[in-house]
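Assemble the whole structure, with the sequences as input and the hints as a guide.
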Amino acid sequence: MKGISRRALLRAGPVGMAAAMALAAGAQADDATVKIGYAVARTGPNATGAGITTIPNYELWVDTVNKAGGLAMPDGKRRMIEVVEYDNRSSNEDLVRAIERLVSQDKVDLILPPWGTGANLAIAPLMARFGYPQLAVTAVTDKAPDFAARWERSFWMLGGGHDYAAGLVDVLSQARDAGTINAKVAVVSVADGFGIDLISGARPAFEAAGFELAYDKSYPLGTSDFAAIMSEAQASGADSFVAFSYPPGSFGMTRTAQTMGYNPAVFYVSVGGAFPIYPGVADGREEGVMAIGGVDAGSPAIRDYFARHEAFAGKAPDSWASAVTYASLEMLEQAVARAGLEHGALAKELSEGTFETVVGEVKLEDNQLRDLWWVGQWQGGAFRAVGPSGREGASAPVIPKPDW
Amino acid sequence: MIRLLLPLAALVLLAVLPALVSEYGLGLLIGAATYVTLASAWALFSGQTHYVSLATVAFYGTGAYAVAVLNEALPYPAVLLCAALAGAAMALAVGLSTLRLSGVYFVIFSFGLAELVRQLITWYEVNVTGTLGRYIFLDVTARGIYWQMLALGAATIALSAWIGRGRLGMALRVIGDDEEVAAHSGINLARSKLAAFVLSAVILTLAGAITSPRYVYVEPSIVFNPTVSFLTVIMALLGGANRLWGPALGAVPLFLAFEWLSAHFPDTYPVLLGLLFIGVVFLVPQGILPAAEKLLRRRAEA
Chain A
15 MKGISRRALL RAGPVGMAAA MALAAGAQAD DATVKIGYAV ARTGPNATGA
65 GITTIPNYEL WVDTVNKAGG LAMPDGKRRM IEVVEYDNRS SNEDLVRAIE
115 RLVSQDKVDL ILPPWGTGAN LAIAPLMARF GYPQLAVTAV TDKAPDFAAR
165 WERSFWMLGG GHDYAAGLVD VLSQARDAGT INAKVAVVSV ADGFGIDLIS
215 GARPAFEAAG FELAYDKSYP LGTSDFAAIM SEAQASGADS FVAFSYPPGS
265 FGMTRTAQTM GYNPAVFYVS VGGAFPIYPG VADGREEGVM AIGGVDAGSP
315 AIRDYFARHE AFAGKAPDSW ASAVTYASLE MLEQAVARAG LEHGALAKEL
365 SEGTFETVVG EVKLEDNQLR DLWWVGQWQG GAFRAVGPSG REGASAPVIP
415 KPDW
Chain B
3 MIRLLLPLAA LVLLAVLPAL VSEYGLGLLI GAATYVTLAS AWALFSGQTH
53 YVSLATVAFY GTGAYAVAVL NEALPYPAVL LCAALAGAAM ALAVGLSTLR
103 LSGVYFVIFS FGLAELVRQL ITWYEVNVTG TLGRYIFLDV TARGIYWQML
153 ALGAATIALS AWIGRGRLGM ALRVIGDDEE VAAHSGINLA RSKLAAFVLS
203 AVILTLAGAI TSPRYVYVEP SIVFNPTVSF LTVIMALLGG ANRLWGPALG
253 AVPLFLAFEW LSAHFPDTYP VLLGLLFIGV VFLVPQGILP AAEKLLRRRA
303 EA
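Chains as they are written, first to last, in the numbering used here: chain A, 15 to 418; chain B, 3 to 304.
Accuracy of the hints is not assured; some may be wrong.
[Claimed, not checked] Partial pick of chain A residues on the chain B-facing surface, computed with a CB cut under 8 angstroms:
1. 101
2. 107
3. 138
[Said to hold, decoys possible] Just a sample of chain A residues kept apart from chain B, beta carbon distances all over 12 angstroms, derived:
4. 120
5. 197
6. 205
7. 211
8. 226
9. 357
10. 363
11. 376
12. 386
Source of the hints: derived by calculation from the structure; they are not laboratory data. In this text, all values refer to a predicted model and were calculated from it rather than measured experimentally. For every residue, glycine included, the Cβ atom is placed at its ideal position computed from N, Cα and C.
Right, dumping it as structure tokens:
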């Protein structure tokens, strides 16, 4: 191999210097941007959830804001958003380090949360120590009030397992009082985090409402054959079938019920039921299926959001946490416009302010979003919110569900 | 003398390092120290005996879980002690029943062990306590975690060196070369393997216990992440699993490489991990350290 000649070096010198100067100029222009960092799961078990609910909404929001000229500041100026992103590999250890990196190395102005309850809890003490506000959206926990009190700048926006269980019991109680279903329910639950939270909230709620748990069984995560538990549920004589399930279970049980011709008056699944792919899974026969979450499908803001999401990401958002995730970003945007980027003032504004979002007007109570939809139902090709029934925008539930 | 002074000087240097680096730098130091400890502890048993164990995370996760269960009931040192005892008890039970297995059977069993422990804990939590997630609210700072991990790592390497010079190390090496020869030459196979396995397991469990306050929230699917087992093996193999400093030499660069990859190639990390695995096994099956020694020897001869 030939060595580098002196002439080549001499020629390279000025080029290098020009490049260095260009870089320095670039750094100066960067001062005008707002650096926003996040460490989400691009790989590993959490990548599916993050890929459906979190990442497309972050990207859509940054794109929307930057196309509008940037984030509005209290002085009326706009600053473009610059994103710093890391993969947390679905490991809390890597996640914690990535947050330290965003704060101390990249010195980002704001940090968006990762997907999942465990991940949000893992970073909460760090975020509190560094003083960053944390809009924990995809964290479902009954301990939200404790956490909001423990970490003053944390905000919990998706309720807890007990809320969803109680919301479902409420919808079923009304149907039973109207005489459309009997007082027996068949419940199955996945033996993993959220399934356990839901069932432990549902058991006392069903009993307090005068329901009898004619069938109550848990199944391990990873179960793929549901024929046995479904036929036992069918034999229990309950009019309502309730599954506190994760997406694989929700999908598997839907198919099994269709194959065996199991047609309960109420068919409820949990996570996955509100996914845009659910109608495909149910072979176009999703009408009347109930699931966790829901959106006010009639509101223009939601319709506009669904259309923009589909145009940007190539797929519709899920009808549960996606809209809330996007709403949390709109809250952040409006809070920055009013209070600026200083973390204390920003957190105060998030906690006390009122915001216009895709899910309607939002005002947090004790740093928690409580105005949520607990139960939804597929009606006419859209996943509509049916509970709480008294809230504006709720659709009336269709019970009994039409046969498959 | 220099063999002792050099590592001691390095240890002192590493101990004062947190004062000079940022929070992120400290995070890197913790990660690197953790993997050096895990890889060295793994090699303490597997490197010598050639029993490839994929049970690292079974012990690591048990340590984290022990802290999650006990952190509000007992003072911190007692929690660590309980975690170590739990790891030792588990290793004893597992070791007694499985170290008669050899070759691929042991590998498969050890991989299954992590899943078994995870399912047992899940079953217990679902049916007995009725909740799955647990919280760790301990006032341990990142620096505190780093110093503990550094101490554990240093102790592991010192222990490996000490064992390597004694009867147990000799016995393990012979077992690794040929078990039948070892048995015929009067080595108590079961006792030697069991001793090394339990020691290694106690260190792995303690490592899990020490890092756990960093995540706050503990759940079986989080702490029994099989990637930890695979990473540990590949780090030790890369450096040279049957050399004292081999695992540490493999752990630090690989850890830093993964950190760099997660920032620059977030989507392709698992693919690169797989390629690296294949690469190490094909190109440096004995590890970098032995390969380098071989190269030097050849030079000296020529």
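Of all the hints given earlier, name the ones this structure violates by number, lowest first. 4, 6, 7
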